[in-house]
Every structure is written in structure tokens, then in C-alpha cells.
Amino acid sequence: MRGSGANALIRIPLHSFRLALAAVVVGGMTAQHAEAQTEAQRVVEVVDAYHAALVNGDSTAALSLLSEDVTILESGGVEDKEHYRSGHLAGDMRFASAVPRERSEIRVTLLGDVAWAWSTNTAQGRMGDREVNSRGAELMVLTRVDNRWMIRAIHWSSRAAR
Amino acid sequence: MKVSILNSLTLLVLVAGCTASAPEATESQASATQDPALLEAILEDVRIGWEQGDGTPFYSHFLDWDGARYFEGGGENLGLEDLVVNHVEPEAELGLTLGFSNIQTHFEGNFAWAVVDTEIQLTTADGRAIHNRGHGTYLFRWMDDAWKVVHTQSASSPVR
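Residue numbers (the working numbering), protein chains in the order written: chain F, 1 to 162; chain E, 1001 to 1160.
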């Protein structure tokens, strides 16, 4: 009986083994790909939430997405969180609510608990008595801590549209 | 015996397959050297490359990956060759001098980023003198026992 069982194992066709093998490998890759897509989407949601907070003038929501050691580069200056809170944040919120912005798709690259997201944009409108017509780029570095993505660095750059 | 060989082969292929599908896991096994001096040395090579219009340090230190983008002031270069041929080389011909200072480095496992203060001087083809100060952000990934630049962004404004 035992020998019969062993024979039964031997008789499993090789192609069945290959199919099973392929299913396991492909399944693993698919699961990994799906997980990466989910995480990339979560990163995009953080970036979107940050911009929504600026447009809505919600400084609390905006600051809650920035890590304590965040570095923000814009308009030739560098700010940490405290300086940004008392510095450019108010101006960024005014600008975001006054000047419509069209943004490209956000490209996210994941590397474990780190992600970077970049996009390009055009901004056209009026800010006070100033006409704005610019195109720019945004880079954010985010890290995942306790399953939450936080913004660690932002770099905005722009130039007048030609 | 046949079962044993088959099982061994199956195990081997499974392990190989799982490894192939998780390159990041493989890379993470070789831990990155989190030494700011390594990033600073790369930035110095890159700075000299900009001034001399020499693509060598870019091809050496940048990861030429599908999807690489390099942004400056809202403009962008798509891929390494575009950066070197259409940005680095022409700008050096304008007598570019480039200064990097106050380099701040940050490490997160096999990823790092550096923020630098920049100072740029050149004379445009139509004779306009440019003197700007600004900042650059360089993103790095640890690969094959070295830090590789995977993304850059910089912006500057005229010195008043």
C-alpha cells in the first residue's frame, strides 16, 4: 500500500508540476505587484490630500501630512516645518486657492518604506494684481512609519510659461 | 529517487522564481553604506561634470533607468542622455560656473537624498549675464555597492 502511494506520486505528470510551479511563481509576482500598486496609490492619496488642504486653506490638515523633520524647498528658500508653518504655508494656501493648477499624473517609485513622487504642472490665473502663467515640477519624498506615509521632503520649482 | 530529484528541482526553481520577483528584497540584503562623504563625493564629481560639460560622471553616478527624469526650474530632461547632450554640454559652453554648498544628507535604508545650495553663473549666447542662487535635491539608491542618482530637481532665482 505504501509502495502504491509512492508510485502515485511518481506518476504525477511533469507538466502538472510545471503548471503548479508557474501558478505559485506568477501568483507571488501578482500579489507583490498588487501590493506595490496599493502602496503607490496610498502615496498619491497623501500628495493629493496635501494639495487639497492647501486649496481649502486647512493648515492643520496640511501640516499633519508633513513629518517633523520635513525639508521644504521653494522659491529659492529652504524651510523646516516650523519655519514653513510661520512662513510660506499661508502664502501657499492663498496661491493654491487663487490660481487653478493643472497637474500631470503623479509618478511614484517605491523602495521599501520610502517613496518618491513627482509630477509636473501648469498654473494659470491671477494672484492679487499679478498674472500667473507658469509651469513647474514637484518632487516629494515620503517615508512609511507605522503604516502611514508622511512627507519628508518637498521641492517645488517653476518657470514662466513661454 | 526520481521524486527526490524532481522535488529538489521544484524547490530550486521556486526559490529562483521568488527571488527574481523580489529584486528589492535581494538589494536590501546588501546594506547601504550611510556615509555622507560618499554622497558629497558624487555631488562634487557631478558639479565638475556640469562645469566641464563632461558626461562621464553622470554616466558613472546616475542610474540610467526607464523613467528617469531630471528637473530644473520647471523644465525637464528625459533620461540620462538627454540630460548630458541637451543640458550639461550646452550649458558648459556658456562658461558655467557652479557652486554646491551646505550639503544636507538624509538616509533611509537603501535610499538617500541630499539637498544642496547652488550658485550658478554663466553668460547666455545673446550676452546676458546670469547669476542665480538656489537649491538642488538629489535622490540616491544603493545599488551594486554604490549610491546611484535616480532623480534630481533644482531651481534657482537671480541674485539681487
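If you're looking for bench data, these hints aren't it; they were derived computationally from the structure.
Remember, it's a predicted structure, so these values are computed and weren't measured experimentally.
Think of the CB as a built atom: it goes at the ideal place given N, C-alpha and C, for glycine as much as any other residue.
Be aware that a few hints might be false.
[Stated by the list, open to error] Straight line, CA to CA, 20 Å or less: simulated EDC-like cross-link-like pairs of lysine to aspartate or glutamate:
1. E:K1148 <-> F:D92
2. E:K1148 <-> E:E1081
3. F:K81 <-> E:E1081
4. E:K1148 <-> E:D1066
5. F:K81 <-> F:D92
6. E:K1148 <-> E:E1093
[To be verified] Some chain F residues well away from chain E (every beta-carbon gap over 12 Å; in silico):
7. L111
8. D113
9. D146
10. A161
### Query
Which hints from the list above does the structure break, by number from lowest to highest?
Violated: hints 1, 3, 6, 7, 8 and 10.
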